[in-house]
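If you read the sequences in order, they're chains A and B.
Each residue of the first sequence is one higher than the one before, starting from 1 at the first, in the numbering used here.
Each residue of the second sequence is one higher than the one before, starting from 1001 at the first, in the numbering used here.
The hints are simulated quantities; they were obtained by calculation from the structure and are not laboratory data.
A few of these clues could be false.
Here are some, though not all, of the chain B residues that point toward chain A, as calculated from beta-carbon distances under 10 Å [claimed, not checked]:
(1) 1048
(2) 1051
(3) 1074
(4) 1081
(5) 1088
(6) 1111
(7) 1112
(8) 1114
(9) 1118
(10) 1162
(11) 1165
(12) 1193
(13) 1194
(14) 1256
Even for Gly, the Cβ is constructed at its ideal location relative to N, Cα and C.
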Amino acid sequence: MSETFHNAFAEALQSGTTDGLNAWLDMPGAAERFAVYRNNVVRSAIEALRAAYPSVNHIVGENFFSPLAKAFWEASPPVDQTMTLYGDGFDSFISTYAPASRLPYLPDIARLDRAWLEAHHGADCEPLNAARVAELAPSDLPALLLGLHPTLRRVECELSLFDFWLASRARRVPEETRLVPGRQNILIWRHRGQVCHEIVTAEHAVFLDALATPQPLGQALDRAGPDTDERFAGRVFGHGLSNGLFVSLDPKDLL
Amino acid sequence: MASRNRRPFVLPQAPLSPTAGLGLKPEHYREALEDRTDGLWFEVHPENYMADGGPRLAWLEAIRSDHDMSMHGVGLSLGGAEPPNERHLARLKALVDRYQPALVSEHLAWSVHSGVYFNDLLPTPMTQEALDHFCRHVDRVQEVLGRKILIENPSRYIPMREEISEADFLSETVRRTGCGLLVDVNNVHVSAHNLAYDPIAYLEALPAEAIGEIHLAGHEADEALGEALLIDTHGAAVTVAVWTLYAKLIERIGARPTLIERDTNIPAYNVIREERDEAARLLASVQSRAVQHV
């Protein structure tokens, strides 16, 4: 009996109709009261998504966001008891959501919000100590297998969304609302307790992707492109060290 | 219905003193950290801290280092048809091991079914079969955590056909599993109002010695049905009716750790601190009279 009850209740929560529950309910008008549970479940999912995707919410407004979030909940209800990371796949869902088709950049905004959320709650990891690297001989460098910070995410946007995204996150009306065509590679990660974000060049992005595969530093620099040189190498290496992107040297773990 | 022997449990190293605490909200982290009021403790939903890392866990660690803490789970779905999810249980154990809360509690409710998580506290049917399942689930949690937990009474909105009363369901769970009870006085008030029963008789039917914690919170009238249906929103101040019920309860059973819960419409820290101080005064007056009677 218990399982039948739970089946019927769960079905009623998803469909909103209580016909299957009649055997257990003990009063006329129970359907109106049942609505409390359904409202709680739907609202808490909507509010969890609103908190996780503040820029999307700011851009489309609360009245547009709520039905969008409800439609996502119907398609992908939470499967995990921690609601903190609920919303995986929200970006792809938005790209199929007809009412949002006039905002083709919205899925990328959702990807940026998602990366921010994952960086915020991702694993703690002590960055590589620059002093330790300074002790290495220059000839050791190409073979280093640099481990990247577990919170590091890269989002590639079709349009120049970075400023627009940041303004939306801060609930500001952006000064420049014209979105210029042109890809942007945006890095998002956590450093010293704060979520950091910045635009990097396409070469820099290829370099970091190569490190992630993982490839040794020398090969990753080669992969970054024919136009890269010593200055590029110094810049991306220094950037990673000073911003906490690198967490380990591996494999021999120094001499 | 096989009866079970009570198992010995490892008691918390430092049990919570019967003082008043506050539900910890991220909006109040800094004030909570700096608030060294005597006897003040904090309660958290462990589900909000089941992240791999990040600032929330760092705040929790800092606040825990100077305050007693209680963990109040919302996701084990003990009143469900399915056993508690082992992965979730392992994550809870990791948090309990790391932060060593004085108390761990959960609900007579369910929220997981066939792989879907319904983020609410849904009603468990008051049947013998559901009781058997519930006790097995509580046993499993206590086995994994290696300690006894407290079970909170639900807020109820719909009358359902019952084989046993809720107070008997909870009392029997205490008897079979050795767990304790967390009495949410607001839930008692809301359920008694919605289902038309006597809240005092309900409270008197619970085993007083098993009550290890009390919750106080606010409720609101339903948007559609008005005062006929009270909703446990945790979004308003504790009402006079709930304070009165609380005062009578601790007068009868003695002081217990008492929490002010606020989860929506979160006001400034000092506003809920004042409610917490009100509970602390009531607890202190019950304790001082208990001493005089000795």
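Quiz prompt | Interface hint outcome for residue 1193 of chain B [beta carbon to chain A under 10 Å] | solution = Where the cut-off is 10 Å and the nearest Cβ of chain A is about 13 Å from residue 1193 of chain B, the hint is violated.
Quiz item: Was the hint right that residue 1081 of chain B lines chain A, CB cutoff 10 Å?
Solution: Since chain A brings a Cβ to about 4 Å from residue 1081 of chain B, closer than 10 Å, the hint holds.
Self-check item: Closest C-beta approach of residue 1194 of chain B to chain A relative to 10 Å, hint status
Solution: Since chain A brings a Cβ to about 8 Å from residue 1194 of chain B, closer than 10 Å, the hint holds.
Quiz prompt | Interface hint for residue 1048 of chain B, Cβ within 10 Å of any Cβ on chain A | solution = 7 Å, holds
Quiz item: Given residue 1118 of chain B was flagged as interface, is its beta-carbon under 10 Å from a beta-carbon of chain A?
Solution: Holds - the Cβ of residue 1118 of chain B comes within 10 Å of chain A, reaching about 5 Å at its closest.
Self-check item: Evaluation of the interface hint that places residue 1256 of chain B against chain A, nearest CB under 10 Å
Solution: Violated, because the Cβ-Cβ distance from residue 1256 of chain B to chain A comes to roughly 27 Å (cut-off 10 Å).
Quiz item: Per the CB criterion, is residue 1074 of chain B less than 10 Å away from chain A?
Solution: 8 Å, holds
Self-check item: Hint check: 10 Å Cβ-Cβ cutoff, residue 1088 of chain B to chain A
Solution: 5 Å, holds
Practice problem: Mind checking the CB of residue 1162 of chain B against every CB in chain A and telling me if the closest is under 10 Å? | Solution: 8 Å, holds
Self-check item: Cut-off 10 Å, beta-carbon criterion: hint that residue 1051 of chain B touches chain A
Solution: Given a least distance of 4 Å, the restraint on residue 1051 of chain B holds.
Quiz prompt | Interface restraint verdict for residue 1165 of chain B against chain A (beta-carbon cut-off 10 Å) | solution = Residue 1165 of chain B check fails; min Cβ-Cβ to chain A is 13 Å, beyond 10 Å.
Quiz item: Any CB of chain A closer than 10 Å to the CB of residue 1111 of chain B?
Solution: It holds, given that the least Cβ distance between residue 1111 of chain B and chain A is near 7 Å, below 10 Å.
Checked against the numbered hints given earlier, this structure breaks hints 11, 12, 14; the rest are met.
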